[in-house]
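There are 2 protein chains.
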Amino acid sequence: MNLWKISLDKYNSYDNRKYETLFTLANGYRGIRGALEFSSKGNKGNYIAGIFDKSQSQVTEIVNLQDPLGFNIYIEDEKVDIDECVLDSFKRELDMYKGILYTSFIAITKKGKSIEVKCERFVSRNKINRWAAKYEITPLNFNGKVFLENYIDGSVTNSAWDVMNKTKHFKVKNNYDSNPGIALTVETNDNNIKALELTTLMGENEIGNIFKNRRYSEFGELVSEVYETFMTEGKSSTIVKYGISISDRDLKSDLYASGTRQLKDFMKDGYDVEIKKHIIIWEKIWNEIDINIDGDEKAQIGIRFNLFQLASSAYEGDTTISIAAKGLHGEGYKGHVFWDTEVFMLPFFIYTRPDVAKALLMYRYNTLKGARKNAETTGYKGARFAWEAADEGLEVTPKWGVDYDGNAVRIWTGDEEYHINSDIAFGIVEYYRATNDKEFIVNQGVEILLDTAKFWQSRVEYNKVEDRYEISSVIGPDEFHEHVDNNVFTNYLAKWNIEKALFFKNWLKIEDNVKYKVLCSKLGLNEEDFNVWEMIYKKMYIPKSEDGMIIEQFEGYFDLADIEISKYDENEMPIWPDFKGNKLGETQLLKQADVAQLMIMLPEEFSEDVKKFNYEYYEQRTMHKSSLSPSMYSILGLAVGDRQNAYKYFMKAIYTDLEDNQGNTDFGLHAAAAGGSWQSAIFGFVGLRVNKEGILNINPWLPEQWEGLSFNINWKNSRVSISISKDKIEVNSTGDLSLNIYDKKYLISNKKHLVVER
Amino acid sequence: MNLWKISLDKYNSYDNRKYETLFTLANGYRGIRGALEFSSKGNKGNYIAGIFDKSQSQVTEIVNLQDPLGFNIYIEDEKVDIDECVLDSFKRELDMYKGILYTSFIAITKKGKSIEVKCERFVSRNKINRWAAKYEITPLNFNGKVFLENYIDGSVTNSAWDVMNKTKHFKVKNNYDSNPGIALTVETNDNNIKALELTTLMGENEIGNIFKNRRYSEFGELVSEVYETFMTEGKSSTIVKYGISISDRDLKSDLYASGTRQLKDFMKDGYDVEIKKHIIIWEKIWNEIDINIDGDEKAQIGIRFNLFQLASSAYEGDTTISIAAKGLHGEGYKGHVFWDTEVFMLPFFIYTRPDVAKALLMYRYNTLKGARKNAETTGYKGARFAWEAADEGLEVTPKWGVDYDGNAVRIWTGDEEYHINSDIAFGIVEYYRATNDKEFIVNQGVEILLDTAKFWQSRVEYNKVEDRYEISSVIGPDEFHEHVDNNVFTNYLAKWNIEKALFFKNWLKIEDNVKYKVLCSKLGLNEEDFNVWEMIYKKMYIPKSEDGMIIEQFEGYFDLADIEISKYDENEMPIWPDFKGNKLGETQLLKQADVAQLMIMLPEEFSEDVKKFNYEYYEQRTMHKSSLSPSMYSILGLAVGDRQNAYKYFMKAIYTDLEDNQGNTDFGLHAAAAGGSWQSAIFGFVGLRVNKEGILNINPWLPEQWEGLSFNINWKNSRVSISISKDKIEVNSTGDLSLNIYDKKYLISNKKHLVVER
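Keeping their order, the protein sequence lines are chains A and B. Under UniProt numbering, think of the first position of the first sequence as 1, with each following residue one higher. Under UniProt numbering, think of the first position of the second sequence as 1, with each following residue one higher.
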């Protein structure tokens, strides 16, 4: 079993959409869903990060651009359509180590022609605008004319599967017979963003060019070139398709001139050189991100899938884009950015690819204008980050959606899920703590911390009777409960956000006083505000059980119908219990970790006993209807000693998409679950956390079948390699490192090797 | 067995293209292939007669316009795609008597929803721009939201099945949310002809409107409206789709304004009223065209199919269009007009619908400018009608095609198949003989006869040695032999053309001397020319066998390898014999009737013995690789007493498309075979012919199983009804009629009834 490969051995067109998501190739700049060229079924997707458009859709969404994958094989007059053929063999394989998607099959057409096709496709990590495919085609029982069609399809829409919401976000502007190749430019409806796809075919064998005739055609929104060739039984022909994808979102010169130049450069470099460079970069990335699990092949492949897709979704070169909830892998959640990025994915990047982490946080800084606008339009001050953000940071959460029964329901998250503000503040502090990136904290980080604190200052309500600050009518992470008062996750993190704002403003005052003054002036803050902040921090209301051991998720939660989960499905996931006449929101059932989530994010703030009580209480009531939930419970479970469920939740998290256990992989990657998977391994099984003194701690526990677990992290500019086996822990560091292992303190000096017996 | 219906009981998407041809609905103005709305497979076709465009195709061709049939049913988020469903029942039925296409099926979707759909569709013969469909939809095992999508698809191309020739002939100009309904306008590339499709849905049940929400969308080249409704298990909902199709080829006002007005008028009239009027017109047409065959259900249905499709292909209201070789039923032969019209189809119209016959001949008159241009550009004089004609009468035969093995071959028919000129002359004389339409012969007919004769004058070559006129390097009806000299069919009909020109010029001189003089002046003719014509008529070379009994198809034909046909396939059609090392053109094998064709067209010019010898000689050598051939051999066979083969050939002719016996029904109707079918019945079994004195003769012979044969014809403004049974022949006439039956002369006076024992 190759532990780097995701394979599909049996073709069923009904699964095409799922595998398009799983086999997406992306480089952070763009993503191409893993569509099969030889089937018209599924939901092709080609996205460039940051290209959004609203048109007549409810809210702005990532644009599904013109499809450049178009490739047809015609055996004389018969098109090789895999859905019309008998398949003698079929295999698709994503080589995650190399970032290459392989497809091969033997198809027998209705007319009895048997043909073998082997393809590989990659989206370059070397040059982000390049992608390519290679086809090896062999007639197995005939000699004859074969036509190869290369086309770019501009008839693409978003939400193609949904007749009432299907939306076309662009107009096809130009078709080009571009010699070599073909090109098609589109322009988005609202902001006139142009995107160009340019592709061409090269066919060669031992005696050179194999193409006889070429025909260029324009069919409205589709541009095509067809090459005639002659193929001989048993002899393979190799065709390379070169692709260039560019947009004037990031490139300000003439698109077509630039595209043709880039295509020629690509062809001059050649397919083999480009793919080699691409593989070298992936090797380098794997060296940073891989988690090696010995003794558990399923876990090994599963965790790698999540690491691969996370790494594919991000691009350090653009600070105006972030990672959508569904990555660059589909149109679910409309390409919007949620707390998923900072709370679930960011830790992975902070510890493995800090330059990416910084770019993601820079996206928040660069959309502060939108966040301030959000605060203003909703009657508050400072910066209110959008629950769902797109290109400008404005709130773009849809106001309406459908419930489990398909009925229209008002969506309140954009109005009430305020905790996104603290989540971003959390990401900044986490990033700075691990990287010591002063330049960022001084120039961007503190500004965000102060402006989000300023928002909270305007948002909290002072309760005179109780002499406390409250936040009413919110939604916490658990979205089953809307319009609740004093959700602890929200209140606690608001308080924490203010605490950090106060800390860093004091720090900045000393570190860079001019900067400090400029910032206060820019944000309209002075000592009076800071005094209020202190008060809020001290008097924020945190509801708890009478004995103080169980945090009450929100005020009044304990008074709700206490329906416990007692049955589990074949995947060990909760089955909806009987509500006993209550509506869902009238019960204590949770969609996902909420109090538990808080305890994972701020582990040093809660005693082990408190964690244990809360874990046990809420775990019994959590339905895991969000893919964000299982990984979190695995972490908290391990922290409090529930090792049995931890592995189950870990496997659930890493197989979210591979086993489609939320039933919606069709619509894109569960990127937060991928981030949660990394956290579950590192924060959970390894038990990595930073204590109040800023010292790294590990406290590993491995499931019985795991022979070993090893990985690398970045910690304050050192690269730390940790390898855990049954009997020992080995640590290497490129810099001096202070590390607690099982609560015992170790000092590792530069490039020294530490071995600790387990 | 309903003898008016063509049925399909089993669905197989592979046959969709064939049934699209068979189920085409046309009214002469336009044709819509019988595509199934619920399948994406096949080759949709929507043609308006006379809209041609070349663009990048080899020659100008009839334009496959935007598709107005678009209709989708979505059960919640699941589209009813018949190719993805399990079918519990399926039936399509063309009711030829009413001109209505019925489709019904019960489909079970992948998600297990069972739905019954019953549709009817008609293209109005009442108002040519109207068409409509009615859907009755019943959920069989669910209640729920159903979305109904009405759309017009402008992403249509010609030759969609052929990757190297696929061509888009128009640009989508405008999409309209037209309240009611949607509209899409296209404009052809070359001549900027605009065509508009306008459609809307109405859904009503006992309590009125059933639609809840409507969504209008534009997707590039596609415009759509979706209606949301709620359907209940076991309850049927009826949705009517109204359509208007117009073009500025024939309508000079603002298309969209006119279209919306017409749609409103149509909806005011209502579906039920329009379909009733449509049926009444079809009843009237059937009263003119039907051939009733008692005792042979297969023959009865088969002949009616041909009559239905012929009548559907013609429109008396437009004198600038003719009937294409493939009708309005497909893109085969690119919508071009051949000799098929005058020689094969015209007799049907002359004798049943003479106003249509006149319109078809007027098309030739109205394209004389093109015919004169053809003569000029090829170095001749007068009018040279195009072997393949489109909108302007210019020669549009492709110069290149593919042979049986798929190799590119030069097509010479446009250069050498001169006989089209005499074929048109033949049509004019036949028309006049049967109708006495003096107005036509004076104003248009003679002009064509003279100008085609003038062409022949410039085309013939005088052989001094033999003192005879010859025509070298031609192709006759048998296209296996190219560049032949003195093809008798060509020479004989050229001579005949000249003879008729001389006759009618003399006639016109007396009838209308001013017209005569004007015509001579216009065409540049005088007595010197007429003297030359006389000489050509007298001295035209007609090669024959030494005993004079067998006409030699062309000079040297008897010297070719004499390969006879000895084996027949399961359909009793010839199997290619061994060529014994010769190329096809080096053998005496024929593609189709050639000498035999001549003898059918001019039966009075050849003795029965000569016909018999020639029939026997050529029948043995004819491969029937043209659908034009079997019907002709049935006629000649009956004339010479070969009754066995006659029935076989008749059935072959009438089932050309129904049994797809040429293997290319996918591409459209074999309209000439349809005309040949009528001729085979009337000229063959009835033995109807006009003798030299202009007297109508019948000489019926019926196959054993036929209990009777009855039909109507028009003869010199009388309507003649003839009914033949086993023992007698009954004749009715609305006017005085002289008629020979079995060579015995009868006079039938006005409205009298004649019965003759057999």
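Be aware that one or more of the hints could be misleading.
To be verified - Below, computed lysine to any residue pairings styled on SDA-like, alpha-carbon distance capped at 25 Å:
| no. | chain 1 | residue 1 | chain 2 | residue 2 |
| --- | --- | --- | --- | --- |
| 1 | B | Lys5 | B | Lys98 |
| 2 | B | Lys41 | B | Lys134 |
| 3 | B | Lys625 | B | Pro700 |
| 4 | A | Lys110 | B | Asn697 |
| 5 | B | Lys539 | B | Asn513 |
| 6 | A | Lys110 | B | Tyr14 |
| 7 | A | Lys113 | A | Gln58 |
| 8 | A | Lys79 | B | Ser39 |
| 9 | B | Lys212 | A | Ser13 |
| 10 | A | Lys171 | B | Tyr14 |
| 11 | B | Lys505 | B | Glu439 |
| 12 | B | Lys381 | B | Lys538 |
| 13 | A | Lys212 | B | Asp403 |
| 14 | B | Lys10 | B | Met164 |
| 15 | B | Lys113 | A | Ser13 |
| 16 | A | Lys194 | A | Thr157 |
| 17 | B | Lys10 | B | Phe71 |
| 18 | B | Lys79 | A | Asp15 |
| 19 | B | Lys54 | B | Asp162 |
| 20 | A | Lys235 | A | Ser13 |
| 21 | A | Lys41 | B | Tyr516 |
| 22 | B | Lys744 | B | Pro700 |
| 23 | A | Lys113 | B | Tyr14 |
| 24 | A | Lys173 | B | Tyr14 |
| 25 | B | Lys298 | B | Pro700 |
| 26 | B | Lys111 | A | Ser40 |
| 27 | B | Lys113 | A | Asp403 |
| 28 | B | Lys166 | A | Asp403 |
| 29 | A | Lys111 | A | Glu297 |
| 30 | B | Lys726 | B | Lys744 |
| 31 | A | Lys113 | B | Phe71 |
| 32 | A | Lys118 | B | Lys134 |
| 33 | A | Lys54 | B | Tyr14 |
| 34 | A | Lys113 | B | Met164 |
| 35 | B | Lys54 | A | Arg214 |
| 36 | A | Lys10 | B | Phe71 |
| 37 | A | Lys113 | B | Asp405 |
| 38 | B | Lys194 | A | Ser155 |
If you're looking for bench data, these hints aren't it; they were derived computationally from the structure.
Cross-check of the supplied hints:
Between lysine 5 of chain B and lysine 98 of chain B the alpha-carbon distance is near 10 Å, which keeps this suggested pair within the 25 Å criterion. Pair hint lysine 41 of chain B plus lysine 134 of chain B holds up; C-alpha atoms about 22 Å apart against a cutoff of 25 Å. Under the criterion of a C-alpha separation no larger than 25 Å, the hint pairing lysine 625 of chain B with proline 700 of chain B is inconsistent with the structure, at around 29 Å. A threshold of 25 Å between alpha carbons decides the hint, and for lysine 110 of chain A with asparagine 697 of chain B the separation of about 52 Å lies outside it, so the pair is violated.
At most 25 Å may separate the alpha-carbon atoms for a hinted pair to count; lysine 539 of chain B and asparagine 513 of chain B exceed this at roughly 29 Å. About 9 Å separates the Cα atoms of lysine 110 of chain A and tyrosine 14 of chain B, which keeps this hinted pair within 25 Å; it holds. Restraint check for lysine 113 of chain A and glutamine 58 of chain A: the C-alpha separation of about 48 Å exceeds 25 Å, so the hint is violated. Restraint check for lysine 79 of chain A and serine 39 of chain B: satisfied, since their Cα atoms lie roughly 18 Å apart, inside the 25 Å limit.
Distance hint between lysine 212 of chain B and serine 13 of chain A is unfulfilled; the C-alpha atoms sit about 33 Å from each other, more than 25 Å. Between the alpha carbons of lysine 171 of chain A and tyrosine 14 of chain B the distance comes to roughly 34 Å, so the proposed pair goes past 25 Å and is violated. As the CA atoms of lysine 505 of chain B and glutamate 439 of chain B are separated by approximately 15 Å, the hinted pair is consistent with the 25 Å bound. For the hint pairing lysine 381 of chain B with lysine 538 of chain B, the CA-to-CA distance comes to about 21 Å; that is within 25 Å, so the pair holds.
Between lysine 212 of chain A and aspartate 403 of chain B, the direct Cα distance comes to roughly 19 Å. Compliance with the 25 Å bound is thereby established for this hinted pair. For a cut-off of 25 Å, the pair hint linking lysine 10 of chain B to methionine 164 of chain B is broken: about 32 Å separates their Cα positions. Of the supplied pair hints, the one linking lysine 113 of chain B and serine 13 of chain A holds, its CA atoms being roughly 19 Å apart against a limit of 25 Å. A distance of roughly 16 Å separates the Cα atoms of lysine 194 of chain A and threonine 157 of chain A; the hinted pair therefore holds under the 25 Å criterion.
Our distance criterion of 25 Å between C-alpha atoms is met by lysine 10 of chain B and phenylalanine 71 of chain B, whose separation comes to about 22 Å. Proximity of lysine 79 of chain B to aspartate 15 of chain A is assessed by CA-CA distance (about 16 Å); at most 25 Å being required, the pair is judged to hold. Distance restraint check for lysine 54 of chain B and aspartate 162 of chain B: the Cα-Cα separation of roughly 16 Å lies within the 25 Å cut-off, and the hinted pair is therefore satisfied. For the suggested pair lysine 235 of chain A and serine 13 of chain A, the alpha carbons sit about 29 Å apart, so the restraint of at most 25 Å is broken.
Distance hint between lysine 41 of chain A and tyrosine 516 of chain B is unfulfilled; the C-alpha atoms sit about 68 Å from each other, more than 25 Å. For the given pair, lysine 744 of chain B sits about 13 Å from proline 700 of chain B by alpha-carbon distance, which is consistent with the 25 Å threshold. Restraint check for lysine 113 of chain A and tyrosine 14 of chain B: the C-alpha separation of about 16 Å stays at or below 25 Å, so the hint holds. The straight-line distance between the Cα atoms of lysine 173 of chain A and tyrosine 14 of chain B is roughly 36 Å, outside the 25 Å bound, and the hint therefore fails.
Distance check on the hinted pair: lysine 298 of chain B and proline 700 of chain B sit about 20 Å apart at the alpha-carbon level, within 25 Å; holds. Restraint check for lysine 111 of chain B and serine 40 of chain A: satisfied, since their Cα atoms lie roughly 20 Å apart, inside the 25 Å limit. For the hint pairing lysine 113 of chain B with aspartate 403 of chain A, the CA-to-CA distance comes to about 21 Å; that is within 25 Å, so the pair holds. For a cut-off of 25 Å, the pair hint linking lysine 166 of chain B to aspartate 403 of chain A is broken: about 46 Å separates their Cα positions.
A hinted pair counts as satisfied when its Cα atoms are at most 25 Å apart, and lysine 111 of chain A with glutamate 297 of chain A does not qualify at roughly 43 Å. Under the criterion of a C-alpha separation no larger than 25 Å, the hint pairing lysine 726 of chain B with lysine 744 of chain B is consistent with the structure, at around 19 Å. Restraint check for lysine 113 of chain A and phenylalanine 71 of chain B: the C-alpha separation of about 34 Å exceeds 25 Å, so the hint is violated. Restraint check for lysine 118 of chain A and lysine 134 of chain B: the C-alpha separation of about 47 Å exceeds 25 Å, so the hint is violated.
In summary, the hint linking lysine 54 of chain A to tyrosine 14 of chain B is not supported, as the alpha carbons are separated by about 40 Å, beyond the 25 Å threshold. Distance hint between lysine 113 of chain A and methionine 164 of chain B is fulfilled; the C-alpha atoms sit about 20 Å from each other, no more than 25 Å. Taken as a hint, the lysine 54 of chain B and arginine 214 of chain A pair is honoured in the structure, with Cα atoms around 19 Å apart against an allowance of 25 Å. As the CA atoms of lysine 10 of chain A and phenylalanine 71 of chain B are separated by approximately 33 Å, the hinted pair breaks the 25 Å bound.
Only pairs whose Cα atoms come within 25 Å are accepted, and lysine 113 of chain A paired with aspartate 405 of chain B is accepted, the gap being roughly 16 Å. Taken as a hint, the lysine 194 of chain B and serine 155 of chain A pair is honoured in the structure, with Cα atoms around 22 Å apart against an allowance of 25 Å.
Figure legend: structure checked against the earlier numbered hints; hints not met, in rising order: 3, 4, 5, 7, 9, 10, 14, 20, 21, 24, 28, 29, 31, 32, 33, 36.
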